[in-house]
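A.B. asks: The lines below spell out each chain.
There are 2 protein chains.
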Amino acid sequence: MSQVYDRVALIGLGLIASSMYWAMKRGNLAGEVTGYARSAETRATAREIGLCDRVCDTLAEAVEGADLVVLCVPVGVMGAVAGEIAPMLSPGVTVTDVGSVKADVIAQVAPHLPEGVHFIPGHPLAGTEHSGPRSGFAELFDNRWCLLVPVEGTDPEAVARLRRLWEGIGANVEEMDAEHHDLVLAVTSHAPHLIAYTMVGVADDLRRVTDSEVVKYSAAGFRDFTRIAASDPTMWRDVFLTNKEATLEILGRFTEELFALQRAIRQGDGEHLFDYFTRTRAIRRGIIEAGQDTAAPDFGRAGRK
Amino acid sequence: MSQVYDRVALIGLGLIASSMYWAMKRGNLAGEVTGYARSAETRATAREIGLCDRVCDTLAEAVEGADLVVLCVPVGVMGAVAGEIAPMLSPGVTVTDVGSVKADVIAQVAPHLPEGVHFIPGHPLAGTEHSGPRSGFAELFDNRWCLLVPVEGTDPEAVARLRRLWEGIGANVEEMDAEHHDLVLAVTSHAPHLIAYTMVGVADDLRRVTDSEVVKYSAAGFRDFTRIAASDPTMWRDVFLTNKEATLEILGRFTEELFALQRAIRQGDGEHLFDYFTRTRAIRRGIIEAGQDTAAPDFGRAGRK
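Here the protein sequences come in this chain order: R and H.
In terms of the numbering used here, the numbers along the first sequence are unbroken and rise by one, the last being 305.
In terms of the numbering used here, the numbers along the second sequence are unbroken and rise by one, the last being 610.
There may be inaccurate statements among the hints.
Heads up, simulated DMTMM-like pairs for lysine to aspartate or glutamate below, C-alpha to C-alpha not over 25 angstroms straight-line [claimed, not checked]: (1) R:K244 / H:D510; (2) H:K330 / R:D298; (3) H:K549 / R:D205; (4) H:K549 / R:D142.
Below, a sample of chain R positions facing chain H; criterion: calculated Cβ distance under 8 angstroms [claimed, not checked]: (5) G201; (6) L251; (7) F299.
For the record, the hints were derived by calculation from the structure and aren't laboratory data.
Positions of the beta carbon are idealized from the N, C-alpha and C atoms, including for glycine.
Just chain R, with the same shape it has in the complex (with noise of 0.2 angstroms):
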């Protein structure tokens, strides 16, 4: 693989970052890769592990001579930190962003770019339940998609370089549009998180069954939510509060389904239930033949015991 770009600067070293830099060096797709952190203990830990070729202390020098400037902060920040770069960005430079959210981040970051800077936002959908730098690994992003989601009029060669780079980290990638990236991300990523958050609340709070039941007892199903559950709760809490409107959407959709079933239930219907259920087992077949999942009995698990 040859490089991509010449100098990347990784703003924010967390899971992502540090993930990207690793299958960066793995593919050897960059000359250069600065990092910075706001967080003086962070910077410190990824000078310790080898993360990033020059870890700088401040965003200036990060950004200063970067070809490619990936903003991996939470998404709630991604303007600041637009506003502070942008004095930096000389024309021709490619900024974006890692960010789960795309409509708001744009919105964001875009009124900063002087002229000539082409902004390409993105969002790979990989991730663990594991945060900060330390959580990184090479292989992250590998058979996983990474969307790009470039706003009208972008240079198709700078989108072209870009997508380039995320095939060497490992990723497919597709383009799409913010407000349908933004509905899918809803349904597929944002409103399982909130709900298994729910779950995992409510099992907490309960009087009647204690939390060591709860522990020993999650096989049983329970513990495939808590993993969600256990994410970064700054990332979240900024993910729901810029994907609003489509989370709320599907929140709505998702209730309604509840009750549904939950009437049937009360009344006994069965059949009802058993239909829904048979439906459902389809879609888990799709994902296991598309590659994005496991078909090993319980994710694999009991061979790692």
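Using the hints provided, position chain H relative to the given structure of chain R.
C.D. replies: Coordinates of chain H only, in the frame set by chain R:
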């Protein structure tokens, strides 16, 4: 490990029965294990894969001479099966089951059993999203919990013996009463399953997001739901119909909590969301420390692609 029972009869040959069989063989826990399934096809499969020492074509044949009968049929037909085998049971025989609901199973089964038969309801908290005789494996119950729910007046010797069997199979055994069992399972299993089914159904139903998008982008969180929503429809229909009260109680609390979070999103109350999401992380840590899940990121899927 020495033999705990001379002859065990497995009634119903799905995931649980077949896993029990392989685990009993692994531990040399039973002299002979007979098996019966209502469907000729299932019996043929069992014979083909060597499941059970002897596959019987009638219930009577399977149960005859057994000192332990294990009902591994859907919860909805436990009573009917108990009625059929009752005439073949001699005093001193133990009857147990593996159903996910206990109060209703006790109400169905107990009236059929002749005096002197030890009825000790049970529930191994283990399973995968696969079903049928081919899906079983000896390790399914290793380090999982098996809950025994002895009714009042049950012979402690008979309970201790059944406990030895489950421990030999690899499980940790705990006793609780039926009502508490049904509430604990409503929280840790039944409500999560219904919620997962619902979310998968909503995704499938959405006009503006295609199924193929849902499938492709499922790694963003959704796919964790699809595993449990792919579980056996008959089993789950029966669970909800027979653990109605506790499931509806938990779902009521869940929707209440979900509405509070939806309101926080609508009102832009980031603090409420952040605090809620922070609290739920601790439960996940507890589950990992209790050995009920892997700490590997993403359930360790990354390593098995």
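A.B. asks: Assess, step by step, whether the Cα of R:K244 is no farther than 25 angstroms from the Cα of H:D510, and give holds or violated.
C.D. replies: At roughly 21 angstroms apart (the allowed maximum being 25 angstroms), H:D510 and R:K244 satisfy the hint.
A.B. asks: Holds or violated: are the alpha carbons of H:K549 and R:D142 at most 25 angstroms from each other?
C.D. replies: Violated: H:K549 and R:D142 sit about 43 angstroms apart, past 25 angstroms.
A.B. asks: Hey, does the R:G201 contact hint survive, CB to chain H under 8 angstroms?
C.D. replies: 6 angstroms, holds
A.B. asks: Next item in the hint list is R:L251. Is there a CB on chain H closer than 8 angstroms to its CB?
C.D. replies: OK, holds: R:L251 within 8 angstroms of chain H, min 6 angstroms.
A.B. asks: For the pair we were handed, H:K549 and R:D205, check the Cα-Cα distance against 25 angstroms.
C.D. replies: 21 angstroms, holds
A.B. asks: So, R:F299 near chain H? Judge it on the closest CB pair being under 8 angstroms.
C.D. replies: Holds - the Cβ of R:F299 comes within 8 angstroms of chain H, reaching about 4 angstroms at its closest.
A.B. asks: Does the alpha-carbon distance linking H:K330 and R:D298 stay inside the 25 angstroms limit?
C.D. replies: Given that 25 angstroms is the threshold and the Cα spacing comes to 23 angstroms, the pair holds.
The structure shown violates just one earlier hint, number 4.
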